[in-house]
Amino acid sequence: MSGVATLTRLGRSEAEDFLFHEAALLDEWRLDDWLALFAEGATYEVPPANADDGVRSAESLFYIADDYERLGYRVARLNDKGAHAEYPRSRCVRMISNVRILNQTAAGCEVSSVFITFRSKADVTDTYFGRHRHVLRPVGGALKIASKRTALDMSSLRPQGRVSIIV
Amino acid sequence: MLDKLDSGENANPWVREDIAGARFKVSRKAFVDEAILKLEREQVFDRCWLYIGHESELPQINDFVARSVGGRDLIFNRDRSGQVRAFYNTCPHRGAQVVREPRGNAMSFQCFYHGWAFNNNGAFATRFKDGNYPPDFNSDGCANLKPVTRLESYRGLYFVCFLDTVESLHDYLGNACEYIDLVADQSGAGMEIVAGEQAYSMRANWKLLVENSADGYHAATTHQTYFDYLMKATGGTADMSTMGGGDNRGNRGVDLGNGHAVVEGYAPWGRPVANWIPPWGEAGKVEVARIRADLESRLGFATADRIARKSRNLIIFPNLVINDVMALTVRTFYPVAPDFMHVNAWALAPKDESEQMRKWRLFNYLEFLGPGGFATPDDNEALELCQKGYRNLKEVGWNDISKGMLRAEPFGDDESQMRAFWREWGHRTREGALQGVGA
Ligand code: FES
Ligand SMILES: [Fe+2]
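Protein chains in written order, with this note's numbering: chain A, 1 to 167; chain B, 1001 to 1439.
It should be emphasised that the hints constitute simulated quantities derived from the structure, not laboratory data.
Be aware that a few hints might be false.
In silico EDC-like links for lysine to aspartate or glutamate, alpha-carbon gap of 20 angstroms or less [to be verified]:
| no. | chain 1 | residue 1 | chain 2 | residue 2 |
| --- | --- | --- | --- | --- |
| 1 | B | Lys1029 | B | Glu1042 |
| 2 | B | Lys1388 | A | Asp126 |
| 3 | B | Lys1232 | A | Asp32 |
| 4 | B | Lys1359 | A | Glu59 |
| 5 | A | Lys121 | B | Asp1339 |
| 6 | A | Lys144 | A | Glu59 |
| 7 | A | Lys81 | B | Asp1228 |
| 8 | A | Lys144 | A | Glu16 |
| 9 | B | Lys1146 | B | Asp1046 |
| 10 | B | Lys1388 | A | Asp123 |
| 11 | B | Lys1359 | A | Asp123 |
If you're wondering where the values come from, they're calculated on a predicted model, not measured in any experiment.
All chains, please: the whole structure from these sequences, using the hints.
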């Protein structure tokens, strides 16, 4: 498959470019463009803070476990003023670091990174930190997200209280 | 509850009920004042039955979980003989927390500081060298883990109380038992807490979450985007007429006494037990029909129909919420400060649920509930805005909770549920209020 051949050439700096671009789209609240980074059928998951790495959303309670369809609804909701938790919109900066290519399979290229996300709204600033695990795959010549999982390496969601942004 | 109404000179100054005038007001001081929080700790949290956990969280002998309840750190465990117990998580020696993992399985607990060890029934289990302590040192149990003052359960839900003279849990729950039964009876095999905990917080007074947890009034406005989503996700089939409010198909808010309350009625979402929605497909239809038939054979048509088609938001005074909605959540919370609370939430489900239905249940849970849901973050925002609004309390000092007072049977989008809570709260804090706390 030519896709696999493309993937084996995905180096760290390309992965970084992709993740930095994704972070910028989110910082700028360009959510439709962000959604367009996902391949059809992709999943987006945020397990609860303090969860073990292997937990599965089909049998364990998460914060977020979106299939592709619901991810679209999540974005539509966040684009609506009626998403009160993010209206007026919070200001955010997402720092991405320690990018590593973990492995390349037919399913895609698995990329891990660590992040710190600052979210500021109405004089309160919250910090989120943890690890992203992306599976990236070329679709029609462009690199797309086949799955994204954001593990919060915090012992609880206190005092942040919510994951109303895409962390 | 009229018998709890303290009137005239003796009325709690923070809760004003004018029955003739159909007005119910709560002082915003109750949400911001440090002295009132201290009073609540003494008169409410030190004296009421508080939820600690579900029996299913301790399936095996020697299982334990660490829990914060009512400002205490507790160990909730099943000992080596199978008995469920609760201990204060503090070493009798010089105080260190003994259990440091959130959960696990252990025959015994050991405090790492100086090494005192305890059987998981609390008994001190270290042999001191001769001469260090008198031979009868532990004859009064002073070296054992101290059991929580009271521990009782109802239908698998365990509660603790720090007051030894408190009434039985069953009496305390009173009329709320009927609604706990409607949850516990959803499976003949019993119910279980699903793995995974949502431990989060809100920058708001804890009583705002009590009010919000059974508030039928706010749903259509606060959660408009959720209902937009639901409409699309169900291919336009969600029955939005259930959201009309008022006297809609008998939706009701009920004062259950003792500060407990419930709102019960029809809603447009899917229910794993047991209300089918199109995304679950034909296989889901068969499964929901099977669950429904099982309910009917065990409980009869009327109860089965009530469980399957109606949703319920139940408040157990002071800080337990069981929301039996598009999924089933058990949620408890505790004030860390007047304007900050810790929240813990879990999913409850039938033990014998199929893999597929469990998946749909958790998918449903996350569509609305919790810190990443399509609704809870907006509740959080609303509560935090209320808390901010109370900065103006010197000039704008009272909340209005009068909606539906004129009705003999208040509707689900009236405010009788909150009034039930506030009457009990007012009753329990009245003496302190009259003695000038928070004045
Ligand atoms: S404090 Fe626990 S052994 Fe000393
Ligand atoms: Fe709500």
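Now the hints, each set against the structure:
1. B:Lys1029 - B:Glu1042: Within the cut-off at roughly 18 angstroms; holds.
2. B:Lys1388 - A:Asp126: holds, 18 angstroms
3. B:Lys1232 - A:Asp32: holds, 18 angstroms
4. B:Lys1359 - A:Glu59: holds, 6 angstroms
5. A:Lys121 - B:Asp1339: Within the cut-off at roughly 17 angstroms; holds.
6. A:Lys144 - A:Glu59: violated, 27 angstroms
7. A:Lys81 - B:Asp1228: holds, 13 angstroms
8. A:Lys144 - A:Glu16: Holds, at roughly 14 angstroms.
9. B:Lys1146 - B:Asp1046: Distance of about 17 angstroms is within 20 angstroms: holds.
10. B:Lys1388 - A:Asp123: Holds, at about 12 angstroms.
11. B:Lys1359 - A:Asp123: Status violated; Cα separation ~39 angstroms.
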